[in-house]
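Asks: With this note's numbering, letter number 91 in the sequence shown gets 91, and the count goes up by one each step, no holes.
Incorrect hints may have been included.
If you anchor each label on the Cβ, the simulated ranges turn out as follows [as the list claims (entries may be wrong)]: (1) N124 to D208: 22 to 30 Å; (2) D140 to G45: 20 to 28 Å; (3) K92 to T197: 48 to 56 Å; (4) W212 to G138: 45 to 53 Å; (5) K277 to D140: 47 to 55 Å; (6) L126 to D236: 19 to 27 Å; (7) G45 to G104: 25 to 33 Å; (8) D163 to P240: 23 to 31 Å; (9) I139 to R219: 23 to 31 Å; (10) E214 to N270: 30 to 38 Å.
Read the hints as simulated data drawn from the structure, not as lab findings.
Cβ coordinates follow ideal geometry from the N, Cα and C atoms, glycine included.
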Amino acid sequence: MVAYRAIDIGVAVLARRASETETMLDDSLVPLLRTSMRLFVTAVGILFVLQNLDVNVSSLVAGLGLGGLAIALAAQDTVRNVLGGATIFADKPFEVGDWVVVDGVEGTVETVGFRSTRVRTFYNSLVSVPNGNLMNAGIDNMGQRRWRRYKTTLGVGYHTTPDQMQAFVEGIRAIIQASPGMRQDYYIVEFHGFGSTSLDVLVYCFMDAADWNEELRTRHVLNLDIMRLAEALQVDFAFPTQTVHIAEMPGQSQKLPDVPDRAGLREIVNSFGPGGKRGQRIDQPITTGHESVLESPYAQADEGS
Numbered sequence: 001m002v003a004y005r006a007i008d009i010g011v012a013v014l015a016r017r018a019s020e021t022e023t024m025l026d027d028s029l030v031p032l033l034r035t036s037m038r039l040f041v042t043a044v045g046i047l048f049v050l051q052n053l054d055v056n057v058s059s060l061v062a063g064l065g066l067g068g069l070a071i072a073l074a075a076q077d078t079v080r081n082v083l084g085g086a087t088i089f090a091d092k093p094f095e096v097g098d099w100v101v102v103d104g105v106e107g108t109v110e111t112v113g114f115r116s117t118r119v120r121t122f123y124n125s126l127v128s129v130p131n132g133n134l135m136n137a138g139i140d141n142m143g144q145r146r147w148r149r150y151k152t153t154l155g156v157g158y159h160t161t162p163d164q165m166q167a168f169v170e171g172i173r174a175i176i177q178a179s180p181g182m183r184q185d186y187y188i189v190e191f192h193g194f195g196s197t198s199l200d201v202l203v204y205c206f207m208d209a210a211d212w213n214e215e216l217r218t219r220h221v222l223n224l225d226i227m228r229l230a231e232a233l234q235v236d237f238a239f240p241t242q243t244v245h246i247a248e249m250p251g252q253s254q255k256l257p258d259v260p261d262r263a264g265l266r267e268i269v270n271s272f273g274p275g276g277k278r279g280q281r282i283d284q285p286i287t288t289g290h291e292s293v294l295e296s297p298y299a300q301a302d303e304g305s
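The whole structure should be built from the sequences, with the hints applied where relevant.
Replies: Set out below in structure tokens:
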């Protein structure tokens with residue numbers, strides 16, 4: 001009883017110190033230490049009692065050693081899981097409360113034990129992952145992300161004019177620059193391409209959000225601002241449509257658009273070339289200071305994420 005009381009006092013001191021650290025793994029380690037130390041004290045106490053009863057403890061220990069070897073061979077997975085738990089406590093690849101994707105399981109870490117780690121999935125089920133599997137598995141710790149990426153393509157109607165498109169792109173950049181929860185040193189907003197039913201604008205940015213709820217709220221505000229911008233610029237978002245062109249009605253002659261001759265076509269093409277006056281260069285924006293920011297020290301990593 002005295003030994004148990006001493007263990008409780010020592011564990012209480014460790015628990016207080018563990019609560020002062022930032023990591024939550026220390027808090028999970030405290031009850032495991034209490035259980036391990038009590039088992040050790042119990043085993044030593046049993047051996048002491050047997051020795052006082054004139055039992056040959058040496059022979060007993062030798063027999064237990066041979067039996068323990070047989071048990072260890074039969075319980076290799078258990079030993080592997082215990083070693084995996086020790087590895088987790090040493091390396092700390094994740095914390096209690098982190099959002100992780102590991103060994104086909106995605107969810108929030110609830111507890112870390114010597115044998116297994118329990119993960120609460122987003123379906124609210126509890127999955128126990130053997131620590132032995134975690135030793136060799138790739139762990140994607142979503143909870144340790146500094147920034148949360150938002151990548152989307154906005155499709156606008158084909159009737160959008162070039163000036164409207166340029167203003168729309170610059171307006172989205174201005175929204176990102178004005179949002180305190182957005183990353184300012186790296187983002188991309190560009191007229192991306194010609195889709196089958198829309199003109200596509202790529203929005204690639206990052207949010208400073210502590211969890212998924214905050215990320216969704218930041219997305220909500222950003223998307224609403226983009227909708228207000230589109231409404232102010234009279235830019236319509238596109239959706240899949242089909243347009244039927246009737247080439248000729250009965251009793252009516254077909255009217256074709258006037259097409260310039262070869263000289264006129266050549267003049268139009270040259271006006272968009274070097275020295276031409278009709279091409280809108282990227283260095284001639286409608287506004288100033290609202291360009292995509294690409295010079296980030298993490299640009300290479302971001303583009304691959």
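Asks: Of the hints stated earlier, which fail here?
Replies: Hints 2, 4, 6, 7 and 10 contradicted; others consistent.
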